[in-house]
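Undergrad: Sequence:
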Amino acid sequence: MAPKAKSVAEGAGSKRNIKGEASDSSSSQEPFQKFGKKVVERYGHEWFECQKEAKYLGDEYVNEVRLQTQFPVIYNTINALGLRFMFENPGDCNLTLVREFYANWNTETRFNKTVPIRGKDVRFTAKLLNLLLGTPNCEDGDFNKLKENPPYRDICHTFCGVESISRWDRSKVTRRHSTLNYANFNQVARVWFKIVCSVLLPAKNLTDVTMDMVVLVYMLMKGMSINVGAVLK
Numbered sequence: 001m002a003p004k005a006k007s008v009a010e011g012a013g014s015k016r017n018i019k020g021e022a023s024d025s026s027s028s029q030e031p032f033q034k035f036g037k038k039v040v041e042r043y044g045h046e047w048f049e050c051q052k053e054a055k056y057l058g059d060e061y062v063n064e065v066r067l068q069t070q071f072p073v074i075y076n077t078i079n080a081l082g083l084r085f086m087f088e089n090p091g092d093c094n095l096t097l098v099r100e101f102y103a104n105w106n107t108e109t110r111f112n113k114t115v116p117i118r119g120k121d122v123r124f125t126a127k128l129l130n131l132l133l134g135t136p137n138c139e140d141g142d143f144n145k146l147k148e149n150p151p152y153r154d155i156c157h158t159f160c161g162v163e164s165i166s167r168w169d170r171s172k173v174t175r176r177h178s179t180l181n182y183a184n185f186n187q188v189a190r191v192w193f194k195i196v197c198s199v200l201l202p203a204k205n206l207t208d209v210t211m212d213m214v215v216l217v218y219m220l221m222k223g224m225s226i227n228v229g230a231v232l233k
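In full-length UniProt numbering, the protein residues as written are 1 to 233.
Hints are not guaranteed to be accurate.
Claimed, not checked - The following label-pair restraints were derived from C-beta to C-beta distances: (1) K145 / N76: 22 to 28 Å; (2) T96 / V65: 15 to 21 Å; (3) N184 / K145: 39 to 45 Å; (4) D154 / D208: 17 to 23 Å; (5) S164 / R123: 43 to 49 Å; (6) N76 / I165: 16 to 22 Å; (7) R190 / K145: 35 to 41 Å; (8) D142 / N186: 20 to 26 Å; (9) R190 / G223: 17 to 23 Å.
Said to hold, decoys possible - Restricting the straight-line Cα-Cα distance to at most 30 Å, the calculated cross-link-like pairs of lysine-lysine (DSS-like) are: (10) K113 / K233; (11) K233 / K222; (12) K147 / K120.
Bear in mind the hints are in silico, worked out from the structure with no lab data behind them.
Glycine is no exception: its CB is placed at the ideal position from the N, C-alpha and C atoms.
Kindly produce the complete structure, drawing on both the sequences and the hints.
TA: This is the structure in structure tokens:
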């Protein structure tokens with residue numbers, strides 16, 4: 001009977017060792033990583049939920065060879081303005097992480113240089129975005145000035161033709177001209193618009209083009225320098 005007692009004692013000892021090893025292993029593991037709404041600051045909850053099911057047009061890179069062949073003027077303009085990042089395939093991204101980041105930045109931290117995300121502060125400036133994309137770090141005043149005081153008539157002529165009878169739609173809130181109808185755009189304006197939707201300012205529809213989008217496309221069609229980092233930020 002003595003050997004049995006010894007055997008039981010050894011088994012019990014083995015169980016204690018295994019339990020102890022498991023305890024040590026779990027205590028050395030990294031803390032559970034939160035994600036989604038749990039890592040979004042309170043002020044960004046509403047924006048995060050609104051963007052959760054958003055559907056955008058375009059999310060793809062521009063085909064360089066096809067653009068050069070079919071629209072050489074547009075291709076040359078992109079190169080002249082230092083916007084070759086438009087031809088690069090950025091690859092896949094973590095959309096949840098992107099939404100978390102923008103939800104934390106979108107409101108109260110919009111004018112700060114850092115954004116809190118998953119326990120870290122990430123630097124987020126126009127200069128860094130330009131460095132990442134390889135785009136010129138030029139002045140961004142023209143974009144803001146044109147948004148405040150757009151040349152309505154010339155924009156219509158540039159987008160729709162001199163003889164077009166297209167009109168601006170007014171905002172019900174501000175009573176200012178705010179959108180243009182995409183259906184009235186000429187072919188060149190449509191190509192520029194789709195490029196901008198793909199790589200700069202995503203859009204949810206192809207019906208009414210907002211003032212930000214209109215001004216950006218207008219500047220590109222006129223060959224004006226654009227601070228891409230400032231536009232994205």
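Undergrad: Each hint needs a verdict: does it hold in this structure or not?
TA: Evaluation of the provided hints:
1. K145 / N76: 22 to 28 Å: holds, 26 Å
2. T96 / V65: 15 to 21 Å: violated, 34 Å
3. N184 / K145: 39 to 45 Å: violated, 25 Å
4. D154 / D208: 17 to 23 Å: holds, 20 Å
5. S164 / R123: 43 to 49 Å: For R123 against S164, whose Cβ atoms are near 45 Å apart, the range 43 to 49 Å holds.
6. N76 / I165: 16 to 22 Å: violated, 31 Å
7. R190 / K145: 35 to 41 Å: Violated, since R190 and K145 (Cβ atoms, about 25 Å apart) do not stay within the stated range.
8. D142 / N186: 20 to 26 Å: Check passed, 23 Å falls within 20 to 26 Å.
9. R190 / G223: 17 to 23 Å: holds, 18 Å
10. K113 / K233: holds, 11 Å
11. K233 / K222: The given pair, whose Cα atoms are some 23 Å apart, holds under the 30 Å limit.
12. K147 / K120: violated, 34 Å
Hint compliance for this structure: hints 2, 3, 6, 7, 12 are broken, all remaining hints hold.
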